[in-house]
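S.K.: Read off the chains here:
Protein chains: 2
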Amino acid sequence: MVQVILRIVTHPDSAKEMIHTLRSLMLPLQAAAGFIACRLYVDTECPEELCYVEEWQTSGQLDQQIRSSHYTRLLALMEEAAEPPSLRLNWVTDSKGLEYLETVRRVDR
Amino acid sequence: MVQVILRIVTHPDSAKEMIHTLRSLMLPLQAAAGFIACRLYVDTECPEELCYVEEWQTSGQLDQQIRSSHYTRLLALMEEAAEPPSLRLNWVTDSKGLEYLETVRRVDR
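First to last, the sequence lines map onto chains U and E. Residue numbers for the first sequence follow numbering that gives the first Met the number 0, beginning at 0 and rising by one. Residue numbers for the second sequence follow numbering that gives the first Met the number 0, beginning at 0 and rising by one.
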């Protein structure tokens, strides 16, 4: 799985507009090949800081998106940020759930 | 790097309290070995849905935290959620920045 994490600080008076635009970018993604999830968050400590997350099944499927108009619009949006945005792509090779916590805590006893 | 992603839906009247408690759990983490980052977000589509993220340098350093009172409190907090929370631990083996997008988009031309 590949994660895209974009953290973007908006101008205080354009936060709502940025949220609206990012949401409109998210909608068509759900029909794309390899799509897992897409979410948009606001930082609880700073209402101007947004965190936009995409998850894709494979690197190739993400690459297809990166070459599409979706990323052209996303990159254009990054230009409107109040500060240079932070973009990270993370390759996740293993994933576990609550059972991992239970195992680690049990070993300790 | 290991990521902990906890998505938790609060009762509408206790969202503020949950944010306050999670924030108080975040503060001492910054001094812990292997700490990279910790953030707390609110979903833009649902103000009752919180996303709590921790990032640790190694699996062993995360395990130390999992065995600590920090996770005892985090697990107790999960019991107070309005819906069964979602907890994922992701092992990230590769990470890239904006330059990856530029490379992929350049190859396409």
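Quick caveat, the hints were computed from the structure, so don't treat them as lab data. Bear in mind that the values here come from a model prediction, so they are computed numbers and not experimental data. Where hints are given, some of them may not hold.
If chains are identical, the list can't say which one is meant, so a pair holds when it fits in one copy or spans any two.
No farther apart than 25 Å at their CA atoms in a straight line, the calculated lysine to aspartate or glutamate pairs in the DMTMM-like style are these [claimed, not checked]:
hint	residue 1	residue 2
1	Lys95	Glu54
2	Lys95	Glu48
3	Lys15	Asp93
4	Lys15	Glu48
5	Lys95	Glu78
6	Lys95	Glu16
7	Lys95	Glu79
8	Lys95	Asp12
S.K.: Against this structure, judge whether each hint is valid.
M.R.: Here is what the structure says about each hint:
Taking the closest pair of Cα atoms, Lys95 and Glu54 come within 25 Å of each other both inside a single copy (16 Å) and across two copies (15 Å). Proximity of Lys95 to Glu48 under the C-alpha cut-off of 25 Å is restricted to the inter-copy arrangement: shortest distance 21 Å between copies versus 28 Å within a copy. With identical chains, the CA atoms of Lys15 and Asp93 are never at most 25 Å apart, being 35 Å at best within one copy and 33 Å at best between copies. Taking the closest pair of Cα atoms, Lys15 and Glu48 come within 25 Å of each other both inside a single copy (11 Å) and across two copies (18 Å).
Taking CA atoms no more than 25 Å apart as the test, Lys95 paired with Glu78 passes between copies only; the shortest distance there is 19 Å, against 36 Å inside one copy. In this assembly of identical chains, the alpha carbons of Lys95 and Glu16 never lie at most 25 Å apart, being 36 Å within a copy and 28 Å across copies at closest. In this homomeric assembly, Lys95 and Glu79 come within 25 Å of each other (Cα to Cα) only across copies, at 22 Å, whereas the closest approach inside a single copy is 37 Å. Within a single copy, Lys95 and Asp12 get their C-alpha atoms no closer than 40 Å, and across copies no closer than 31 Å, so neither meets the 25 Å cut-off.
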